[in-house]
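Chains as they are written, first to last, in UniProt numbering: chain X, 1 to 391; chain R, 1 to 391; chain P, 1 to 391; chain Y, 1 to 391.
All clues stand as given, with none of them false.
One copy or any two copies: either way a pair holds, since identical chains are not told apart in the list.
Here are the simulated DSSO-like cross-link-like pairs (lysine-lysine), alpha carbons at most 27 Å apart as the crow flies:
{"hint": "1", "residue 1": "Lys-287", "residue 2": "Lys-374"}
{"hint": "2", "residue 1": "Lys-242", "residue 2": "Lys-341"}
{"hint": "3", "residue 1": "Lys-341", "residue 2": "Lys-374"}
{"hint": "4", "residue 1": "Lys-96", "residue 2": "Lys-242"}
{"hint": "5", "residue 1": "Lys-374", "residue 2": "Lys-312"}
{"hint": "6", "residue 1": "Lys-179", "residue 2": "Lys-56"}
{"hint": "7", "residue 1": "Lys-179", "residue 2": "Lys-161"}
I should point out that these hints are in silico values taken from the structure, not numbers from a laboratory.
Protein chains: 4
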Amino acid sequence: MRYAPSDLPVFTLTTGPVDAYPAVLRGLAATVLYDYDPAFQATYQRVTEKLARVVKSETMPVLLQGEPVLGLEAAAVSLIGRDDVVLNLVSGVYSKGFAPWAARSGAEIVELAVPYNEVIDPAAVARALAARPDVTVVALCHHDTPSGTINPVAEIGAVVKAHGALFLVDAVSSFGGMKVDAESAAIDLLVTGPNKCLGCPPGLTILGVSNRAWAKMKANPQAPRASILSILDWEDAWRADKPFPFTPSVAEINGLEAAIDLYLAEGPEKVWARHALTAKACRAGLKAMGLPIWPADESFASPTATAVRTPKGIDEAVLRAEVRARYGVVLSSGRGETLGKLTRIGHMGPTAQPLYAVVALTALSGALGALGHKVDVGAGVAAALAVIDAG
Amino acid sequence: MRYAPSDLPVFTLTTGPVDAYPAVLRGLAATVLYDYDPAFQATYQRVTEKLARVVKSETMPVLLQGEPVLGLEAAAVSLIGRDDVVLNLVSGVYSKGFAPWAARSGAEIVELAVPYNEVIDPAAVARALAARPDVTVVALCHHDTPSGTINPVAEIGAVVKAHGALFLVDAVSSFGGMKVDAESAAIDLLVTGPNKCLGCPPGLTILGVSNRAWAKMKANPQAPRASILSILDWEDAWRADKPFPFTPSVAEINGLEAAIDLYLAEGPEKVWARHALTAKACRAGLKAMGLPIWPADESFASPTATAVRTPKGIDEAVLRAEVRARYGVVLSSGRGETLGKLTRIGHMGPTAQPLYAVVALTALSGALGALGHKVDVGAGVAAALAVIDAG
Amino acid sequence: MRYAPSDLPVFTLTTGPVDAYPAVLRGLAATVLYDYDPAFQATYQRVTEKLARVVKSETMPVLLQGEPVLGLEAAAVSLIGRDDVVLNLVSGVYSKGFAPWAARSGAEIVELAVPYNEVIDPAAVARALAARPDVTVVALCHHDTPSGTINPVAEIGAVVKAHGALFLVDAVSSFGGMKVDAESAAIDLLVTGPNKCLGCPPGLTILGVSNRAWAKMKANPQAPRASILSILDWEDAWRADKPFPFTPSVAEINGLEAAIDLYLAEGPEKVWARHALTAKACRAGLKAMGLPIWPADESFASPTATAVRTPKGIDEAVLRAEVRARYGVVLSSGRGETLGKLTRIGHMGPTAQPLYAVVALTALSGALGALGHKVDVGAGVAAALAVIDAG
Amino acid sequence: MRYAPSDLPVFTLTTGPVDAYPAVLRGLAATVLYDYDPAFQATYQRVTEKLARVVKSETMPVLLQGEPVLGLEAAAVSLIGRDDVVLNLVSGVYSKGFAPWAARSGAEIVELAVPYNEVIDPAAVARALAARPDVTVVALCHHDTPSGTINPVAEIGAVVKAHGALFLVDAVSSFGGMKVDAESAAIDLLVTGPNKCLGCPPGLTILGVSNRAWAKMKANPQAPRASILSILDWEDAWRADKPFPFTPSVAEINGLEAAIDLYLAEGPEKVWARHALTAKACRAGLKAMGLPIWPADESFASPTATAVRTPKGIDEAVLRAEVRARYGVVLSSGRGETLGKLTRIGHMGPTAQPLYAVVALTALSGALGALGHKVDVGAGVAAALAVIDAG
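The task is simple: from the sequences and hints, build the whole structure.
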């Protein structure tokens with residue numbers, strides 16, 4: 001039995017786009033209202049207020065009308081001017097990829113890099129800032145997804161705050177699946193989206209902005225205005241009595257409301273716990289099958305995605321294709337430097353439930369076996385189950 | 001009986017966001033696939049190929065992941081470089097508003113303007129081009145929605161073609177509701193979206209690009225790359241075997257497929273006919289009620305939106321609020337210069353059915369009466385019905 | 001412009017199946033749970049409890065797993081045994097049609113009939129009961145839909161109660177659109193469903209049962225058990241800790257929950273008011289167009305459906321076909337004796353909004369005109385609007 | 001980590017109601033049309049014609065408006081009159097439970113029974129018919145779901161045909177998941193529904209009727225007419241130009257069309273293969289974990305549900321509750337005589353995909369371990385995977 005490429009997959013265990021919650025799908029199907037209809041304006045404000053409870057930024061969250069790649073570019077070009085010095089903390093492909101946007105204004109970019117299976121040491125950040133007291137902005141990717149590693153955002157945030165720089169954080173693929181918010185990590189510009197751990201389709205950016213970040217953007221003559229890249233234009237758009245700069249993505253907003261309602265009803269801590277347990281079970285199973293994870297240390301392996309190293313002699317693309325063809329399971333590849341070196345199993349939103357780790361382990365083991373790399377699926381599942389049962 | 005602002009409206013007769021087709025809403029609720037899943041990649045190619053049948057551009061249509069305001073900005077900054085001279089044809093708020101984007105590169109902008117209740121005369125375009133043979137790009141807004149006027153795009157296109165300039169057209173709120181395509185109007189860069197006459201929610205841009213336009217953008221060093229504003233990055237993304245520059249809006253693509261399927265199944269000519277008839281009935285009713293339309297001549301009144309002048313002494317915002325509170329009907333205001341001077345009745349997608357004109361006429365008449373401006377609703381509806389029955 | 005029979009209609013203004021609320025459609029699309037899953041059992045109890053607030057029966061409402069024709073047959077054969085004498089109050093096709101079910105057990109049926117455009121006089125019921133003191137069950141159809149007439153259920157209920165008989169009421173097409181409940185009308189067995197004024201699709205029956213009715217059914221050896229027709233089997237099924245006699249219609253239950261949530265959120269009185277106003281506007285418009293309603297007196301014309309007499313010389317089926325072909329509007333015919341004599345305009349659920357009366361009036365007028373019976377649509381709409389504005 | 005009873009389950013692996021296909025859920029959410037709208041009448045005919053391709057009865061399939069328990073009762077009381085002699089083939093709780101319906105008319109019931117973990121031997125049927133040449137109807141439950149056993153329907157059908165009796169078959173939980181149709185098994189009255197292997201919610205019955213069965217029902221004075229239990233009333237209802245006896249369940253019909261479209265698009269053989277492989281993998285895993293299946297011989301174990309014996313000392317209800325609380329997995333219990341003795345894992349519709357067997361095995365193993373009955377989950381999953389990979 002083989003699944004054809006045109007067959008719908010059975011399990012989408014990816015790092016995004018992720019399988020959406022059924023309630024979110026129904027939310028997307030809600031009646032489309034005119035954006036200036038008072039019922040929609042009230043919806044928009046209500047959704048923002050619900051988000052404020054979890055983003056915990058000093059000011060009301062901002063929604064941008066495109067998936068978080070828009071948010072990241074907009075954050076870079078809005079916050080950073082030609083007179084800035086940016087310390088870019090590089091622990092993977094996504095943090096490295098932020099640099100060109102940060103540099104677009106003409107700012108100087110200072111890089112603090114670690115190997116892509118390591119994470120940033122807060123002490124090293126402190127040293128880098130001591131060496132360059134003129135750094136005005138520090139940029140971090142919390143979960144460098146192509147590596148499946150989690151940087152110590154709160155500790156780094158404390159260092160950045162002590163230094164006085166602005167802290168810009170990409171929390172796209174961690175937010176909603178683990179504890180990360182503007183308050184606890186002293187983040188000035190938090191960029192995330194509903195399309196990962198909140199279980200929505202891609203299409204929106206969520207921003208958490210501090211008062212200092214607003215002031216900096218407003219003072220930045222290079223910050224986009226009257227542009228899709230503008231954050232400034234949207235500052236007051238959350239208020240039901242204020243205009244939108246342009247038409248918001250009404251259906252995505254409706255889907256986001258369903259997602260945030262689910263998140264608040266279940267309780268963030270409970271949601272994080274099932275993400276963490278799913279990932280932990282997954283790692284235990286991989287270990288038992290002799291498949292090392294990509295992160296150099298399990299202590300900073302992501303709770304929302306598990307990156308497993310591709311065994312020697314296996315073509316990673318062939319492996320994923322076999323996983324899909326044989327079992328209907330979709331996994332994610334690496335990106336850039338990690339492409340071909342690892343496979344990623346997403347634990348985000350609706351699939352962040354421990355038994356999905358068993359699904360992934362079984363499928364991975366079967367496909368590896370089919371490609372000549374035999375692993376002990378029984379040991380893997382047993383180890384995963386032991387973790388789940390202890391969870 | 002009054003509808004509260006928080007009550008869902010009964011009829012959304014707006015110029016966008018518009019009421020979506022029920023089949024589109026169900027399309028939005030389809031299972032969210034991973035963007036690199038072969039089933040989704042095949043979907044993306046299939047949707048593009050269906051669009052190609054109606055966009056009729058020389059090359060495959062391009063989808064951008066944001067509502068058409070993104071497409072318009074992207075088109076301007078991708079196509080237009082600092083050495084260009086742009087003839088911007090201004091017949092309303094939206095065409096006027098295009099200038100700052102066109103000028104961002106440093107290009108010179110030449111304006112040919114008419115009053116906002118008139119349309120551009122192709123002969124005037126010819127004269128303007130004769131006066132400025134160095135014009136390299138001509139920009140037109142086909143349906144300047146805030147005025148409800150339709151410019152003679154095909155005739156202007158012929159003039160532009162003869163001149164040799166590139167023709168950039170905003171067909172956002174006309175495409176899908178009347179005949180307009182890249183081939184018949186010689187358009188080099190057609191910008192539209194599914195969120196008006198195709199009956200989708202806002203969230204995507206559709207571009208039709210000529211070979212010359214691609215060449216121009218590729219040769220333009222200022223054209224965005226690695227940006228949300230890049231068109232270039234998406235050139236090959238429609239092919240199932242090519243990567244996406246970043247994550248597409250999966251759910252919106254699914255909704256768009258439902259819309260294009262409906263459109264092709266009904267048949268474009270049939271769809272256009274019901275848009276035209278609805279608008280014509282609406283205009284006849286307004287006339288019979290003594291309410292002049294905004295366009296100076298009915299011959300260029302839009303088939304997808306009817307702009308009616310606000311009677312003396314009536315506050316337009318109060319009028320729309322009354323229409324909603326009294327009847328649950330949502331209409332659109334003017335924008336910019338036309339704000340407060342007219343009300344717009346959308347005939348787009350699912351509400352482009354003649355009886356909706358009667359709904360709008362009745363609601364408008366009732367609200368006007370309540371505000372002290374009595375009109376003869378009976379005459380209005382009778383006139384509209386006569387048009388429908390002759391349609 | 002003509003709508004083909006295969007085209008989806010634009011407006012469904014029928015007496016059932018009716019256009020469903022969008023929120024109900026999304027409810028139907030909710031994840032299907034196993035009926036014995038505790039989450040579904042809790043749902044079933046919760047839905048029943050919400051219904052109890054509006055059915056107001058002495059005991060918890062019972063849901064049967066089929067549209068109300070099942071409920072009516074089940075009610076008849078469960079409540080009525082061979083020793084009963086049933087007074088069947090006949091004011092139309094549906095009340096007349098109840099007799100065969102009532103007689104199935106062998107019970108004697110006594111009929112009190114009025115012309116099908118009249119309603120039952122409570123005093124006549126009192127006389128009939130005085131003449132036949134052995135009557136044990138009185139059956140009434142509250143809204144005899146094929147006539148569009150509303151019987152005085154509360155007054156008749158008082159008479160029946162004084163007599164001591166059991167009162168069985170078909171409130172299928174009135175419940176949810178006007179005031180009618182078990183308590184206020186002293187109903188022992190109220191039969192209704194969500195597929196009319198609650199705006200659900202057909203598929204469920206809702207029963208309100210008094211203690212006396214339960215006792216009577218339990219004592220009736222002929223009452224069905226272990227059958228789709230059994231009411232007794234479902235007595236305790238609403239309780240989350242009790243088994244279902246057989247599998248309930250899970251999706252319909254989910255849809256019903258959405259409907260009852262809408263109903264309670266809007267407030268029954270407000271819902272009834274918009275049904276009443278829509279019907280009143282419709283009647284005023286018909287009158288102004290010279291089209292008499294079927295009920296002999298407007299005082300008992302239904303707020304949930306307006307029956308208009310077919311003008312002389314018009315084939316009623318042709319008329320409805322013309323209404324659909326010309327305007328995309330679907331209306332209902334008469335049934336049985338009223339078939340061919342009247343057309344019914346439904347005002348149920350989402351289309352019980354006053355402007356839909358204008359839609360119906362316009363479509364009816366246009367089709368009549370096309371068939372040679374000219375009416376003054378302007379006068380009709382003006383009259384309807386005057387009612388709406390005074391409402 | 002525990003799932004609360006009110007939490008939505010993660011995996012519904014039951015024997016019905018089953019998890020529905022997402023496309024079916026969207027089908028249920030389609031616009032509700034008036035049953036006499038020509039567009040709906042065409043839909044109803046089209047759905048019936050699609051069903052005809054897979055039911056393969058001599059005449060067009062009949063839809064009844066209630067889940068198959070209605071169909072079974074209706075079949076019994078329509079086909080069987082007081083002069084009939086019925087051979088009821090009893091291999092489980094459901095076949096045994098058919099007898100009271102079969103006997104309602106006063107017919108004589110002859111029983112051929114086997115233990116509930118065995119299946120009917122066609123030779124025994126032949127002997128029973130030889131002993132009672134007056135048998136006029138033979139009744140079989142193809143898949144006696146509470147036992148998870150599949151009777152040899154085609155072989156028995158041949159015996160019944162040779163005898164000349166009518167063959168009434170309950171194929172509710174096998175149809176759509178394995179080969180069974182009226183033609184290949186010589187079935188005169190096939191009763192099934194969309195709510196098992198076709199992946200719909202419960203709410204409809206599908207009947208396949210032979211010419212002889214129609215003749216028999218028409219000649220039966222006891223066959224219900226003007227009743228929810230009538231089959232006769234619905235004979236011509238599939239035709240777009242014929243009336244419905246009463247309102248059909250519009251939304252369920254829409255859902256069924258989505259299901260039959262999926263079934264035909266995938267191809268019945270391919271659908272059956274994945275049901276069979278899932279069940280086979282499940283059985284292999286159970287065996288490897290030392291958990292015997294309920295059927296006495298694997299050769300007649302169902303491909304659509306696997307019944308596993310409850311280990312000594314384990315309370316089956318506690319076991320299922322633990323499976324749900326610990327892993328969010330919902331399984332089915334036994335029924336009647338098998339209640340408490342076995343647990344059933346459904347492989348129906350969307351969950352008839354091999355990896356769901358792994359999910360079930362893991363959850364069962366973990367819950368058993370938690371209740372003190374340790375099994376080797378690794379061996380179970382490895383055995384299941386070996387079967388899948390060989391499949």
